[in-house]
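> Each chain, written out:
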Amino acid sequence: MQLHRKKRIEIILEAPGLRRLTEILARVQVTGYTVLPAIAGNGRGGPWSEAGQVTDAERMVCVMCLIDPARTEEVIGPIFELVKRHIGLISVSDAEVIRGERF
Amino acid sequence: MNLVDLAISNLLSPVVLFFALGVAAALARSDLSVPEAIAKGIALYLMMAIGLKGGVEVARQGLTTTLVLTVLAGAVLSFAIPFLAYAILRFVSRLSAVDAAAVAAHYGSISAVTLAVAIEVLGRVGLGFEGYMIAVAAVMETPAILAALLIVRRSRPDDGLSRGELLHEVAFNGSVVVLVGSFFVGWIAGPAGMKPIAPLFTDLFRGMLCLFLLDMGLVAGRGFARARKALSLPVILFGFVMPLISAAIAAPIAAMLGLSPGGAMLFITLAASASYIAVPAAMRLALPEADAAIYLTLSLGVTFPFNLIIGLPLYLSVAQKLAG
Numbered sequence: 001m002q003l004h005r006k007k008r009i010e011i012i013l014e015a016p017g018l019r020r021l022t023e024i025l026a027r028v029q030v031t032g033y034t035v036l037p038a039i040a041g042n043g044r045g046g047p048w049s050e051a052g053q054v055t056d057a058e059r060m061v062c063v064m065c066l067i068d069p070a071r072t073e074e075v076i077g078p079i080f081e082l083v084k085r086h087i088g089l090i091s092v093s094d095a096e097v098i099r100g101e102r103f
Numbered sequence: 104m105n106l107v108d109l110a111i112s113n114l115l116s117p118v119v120l121f122f123a124l125g126v127a128a129a130l131a132r133s134d135l136s137v138p139e140a141i142a143k144g145i146a147l148y149l150m151m152a153i154g155l156k157g158g159v160e161v162a163r164q165g166l167t168t169t170l171v172l173t174v175l176a177g178a179v180l181s182f183a184i185p186f187l188a189y190a191i192l193r194f195v196s197r198l199s200a201v202d203a204a205a206v207a208a209h210y211g212s213i214s215a216v217t218l219a220v221a222i223e224v225l226g227r228v229g230l231g232f233e234g235y236m237i238a239v240a241a242v243m244e245t246p247a248i249l250a251a252l253l254i255v256r257r258s259r260p261d262d263g264l265s266r267g268e269l270l271h272e273v274a275f276n277g278s279v280v281v282l283v284g285s286f287f288v289g290w291i292a293g294p295a296g297m298k299p300i301a302p303l304f305t306d307l308f309r310g311m312l313c314l315f316l317l318d319m320g321l322v323a324g325r326g327f328a329r330a331r332k333a334l335s336l337p338v339i340l341f342g343f344v345m346p347l348i349s350a351a352i353a354a355p356i357a358a359m360l361g362l363s364p365g366g367a368m369l370f371i372t373l374a375a376s377a378s379y380i381a382v383p384a385a386m387r388l389a390l391p392e393a394d395a396a397i398y399l400t401l402s403l404g405v406t407f408p409f410n411l412i413i414g415l416p417l418y419l420s421v422a423q424k425l426a427g
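In order, the protein sequence lines correspond to chains A and B.
Numbered according to this note's numbering, the first sequence spans residues 1 to 103.
Numbered according to this note's numbering, the second sequence spans residues 104 to 427.
Mixed in with the good hints, there may be bad ones.
[Claimed, not checked] If the Cβ cut is set under 10 Å, some of the chain A residues that face chain B in the computed set are: (1) Pro37; (2) Gly41; (3) Gly45; (4) Pro47; (5) Ser49; (6) Ala51; (7) Gln53; (8) Thr55; (9) Arg85; (10) His86; (11) Arg102.
None of these hints come from the bench; they were simulated from the model.
From the three backbone atoms N, C-alpha and C, an ideal C-beta is built for every residue, glycine too.
With the rest of the complex left out, here is chain A (with noise of 0.2 Å):
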């Protein structure tokens, strides 16, 4: 079985800016993404659950997409022009795929 080399992107950004990354990962023409709750955490301004909240402000989610490593950069500015203003963080790491015409 063949299999493809790709970058994984991962970002974890508080919940109310979820709109906005999706609309940003639509312009970039990233297409197929995953969008995860993140459960409890903890970071620079300590720890945090979303246990009891009513409200989106204090919850994080994590966005997962997998795209072609010669696209890294057009993808990772513009969402890194978001994620800079609010509480997240962005990782590329590498995969492999199976499928690699899809991505």
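For this one, chain A is given, so just place chain B on it according to the hints.
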């Protein structure tokens, strides 16, 4: 009922006691928690219940010129209070302009849960209120956010977020939509239409409020723990004093508008409360540089408990004296 009796009755009410239970559990580091989906569901229920109640009252009482004047007064107050709050914060604390503006927006806007508890207090003492106070509450959500954006417009870079886009997000925030929508549903359905659904939205209201206040107590209790880190003493004192300043401004306006004691109490409560549902989410979008730990801790960990325990009986007492 005098102020002391009101305060004692308030302290011993199940709503406040459940809030205290939540705080105690959080401080004792209990693993007690209300799942996020349930907390959000109850918040939705409470918005629907108070929206319906307000709409039915308007259907029963009819439209008056006082309605228009009260809505206008509420909007002006919501817009003006952040400027005052910002000036006080900048004078007494070392908060940055952006942090102070974000906090100020919370104090100009309203807390729907404080409003729900105030309605429960009125029910307990047998006082009615003008149903349109719910519309006033909805109108008071947004102007404070605009005021905060005006305050900081020169001290921060443009983020490409259009004001129209932000206003759309605030105006169509879920809590505002369900509150206003339920208000119109109640108004259209009237008392007759409300009767079949009253077992859910009237009879269960206090019990659901207790459950919600337990959750609020847990969140506030966790807030106390981080208040020491996030808040300086002047900022904490601001959280106690600002509601009283806002109440002192709102009380004579309520008297001039000729509101009933119950309506005046709600008007004062709306001015004195600090948002922690609609505004925090809006601030994360509009002013993401502002430290959420400051405004959330202050609003939920300081001002909400203050209003719940001391503010509401005080506002009721003042309203009874002014409008009685």
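> Broken hints, numbered, in rising order?
Per hint list: 2, 11 violated.
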